[in-house]
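Colleague: Sequence:
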Amino acid sequence: FSSFSSSSPVLPARRPIRVLAMSPKKKVNRYDGGWQKRWYGQGIFTEGSEEAPVDVFKKLEERKVLSNVEKAGLLSKAEELGVTLSSIEKLGVFSKAEELGLLSLLERAAGSSPSALASVALPMFVAAVAAVVLIPDDSAALVAAQGVLAAALGVGAAGLFVGSVVLGGLQESD
143 FSSFSSSSPV LPARRPIRVL AMSPKKKVNR YDGGWQKRWY GQGIFTEGSE
193 EAPVDVFKKL EERKVLSNVE KAGLLSKAEE LGVTLSSIEK LGVFSKAEEL
243 GLLSLLERAA GSSPSALASV ALPMFVAAVA AVVLIPDDSA ALVAAQGVLA
293 AALGVGAAGL FVGSVVLGGL QESD
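Be aware that the sequence shown starts at 143, since it is given in our numbering, and climbs by one per residue.
Think of the hints as simulated: they come from the structure by calculation, not from any bench.
Okay, the calculated beta carbon distance ranges per label pair:
| no. | residue 1 | residue 2 | range |
| --- | --- | --- | --- |
| 1 | 277 | 314 | 38 to 48 Å |
| 2 | 213 | 279 | 43 to 53 Å |
| 3 | 275 | 210 | 33 to 43 Å |
| 4 | 230 | 199 | 17 to 27 Å |
| 5 | 311 | 212 | 16 to 26 Å |
Quick list of in silico lysine-lysine cross-link-like pairs, DSSO-like style, CA-CA up to 30 Å:
| no. | residue 1 | residue 2 |
| --- | --- | --- |
| 6 | 213 | 200 |
| 7 | 213 | 201 |
| 8 | 200 | 238 |
| 9 | 201 | 238 |
| 10 | 219 | 238 |
| 11 | 201 | 219 |
| 12 | 206 | 219 |
| 13 | 232 | 213 |
| 14 | 232 | 219 |
| 15 | 200 | 219 |
| 16 | 206 | 238 |
Computed from a prediction, not measured in an experiment: that's the story for all the values here.
Ideal placement from N, C-alpha and C gives every residue a C-beta, glycine not left out.
Required output: the full structure, derived from the provided sequences and hints.
Modeller: This is the structure in structure tokens:
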């Protein structure tokens, strides 16, 4: 059986094993002094990780996003489609965003994990499909409710998923 070697044409050549570390860079274990044994919760040692805060606006500046928008002519294309600053002003989009607290929501989303955003998108998509399947088509009002609910959940799921991809691209280390 000594005729088997890595240079044999029948057996593939052996490659060295490559080990990848899957744990976070800065792992923190701390002792929880007030811990009591219960049927739920974490153990006596709580494990977490330190995450470096990511400044999304600094990353956008480093990648020269505004210059690329300018070079691509996206603003003139938006104007051709009828989206101008005066039309946004007439709709009151900015004041409504302030009233709803969308800027603080955007800041929290930018500081969160992209995988958390993507994991919220999946149940929203499933809920959109469930709305179409489970709400009966007995009347026009139910069909309208079904469509509005499915569209809102579907757009929310798509927005969260696309946001997670964009945020993941911004948070990746250079």
